[in-house]
Amino acid sequence: MSQLFSPFAIGNLLLKNRIVIAPMCQYSAENGDATDWHLIHLGHLALSGAGLLI
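Counted from 1, the sequence shown has number 53 at position 53 by UniProt numbering; the numbering is strictly sequential.
Think of the hints as simulated: they come from the structure by calculation, not from any bench. Note that the structure is a prediction, hence the values are computed from the model and not measured. By construction, the Cβ of each residue, glycine as well, lies at the ideal position given by its N, Cα and C atoms. Heads up, some of the hints might be wrong.
Stated by the list, open to error - The calculated label-pair distances, taken between Cβ atoms and stated as ranges, are:
id : residue 1 : residue 2 : range
1  : Phe-5     : Ile-40    : 24 to 32 Å
2  : Ala-9     : Trp-37    : 32 to 40 Å
3  : Gly-49    : Ala-9     : 12 to 20 Å
4  : Ser-6     : Leu-45    : 18 to 26 Å
5  : Leu-39    : Leu-15    : 21 to 29 Å
All chains should be modelled from the sequences, with the hints used to inform the complete structure.
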């Protein structure tokens, strides 16, 4: 089995897998603040099953 899907610890934080989603789409912020679009977009990414969303 690939280690990609195995748990991984970073200090006291235990991730359920090693899939990480990097920060993106910051160009669409308004005055540096997240918009409703960001909340929906990041919410969908959070539900994707990735171990860490930055």
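Compare the structure with the hints numbered earlier in the document and write down the numbers of the violated ones, lowest to highest. none
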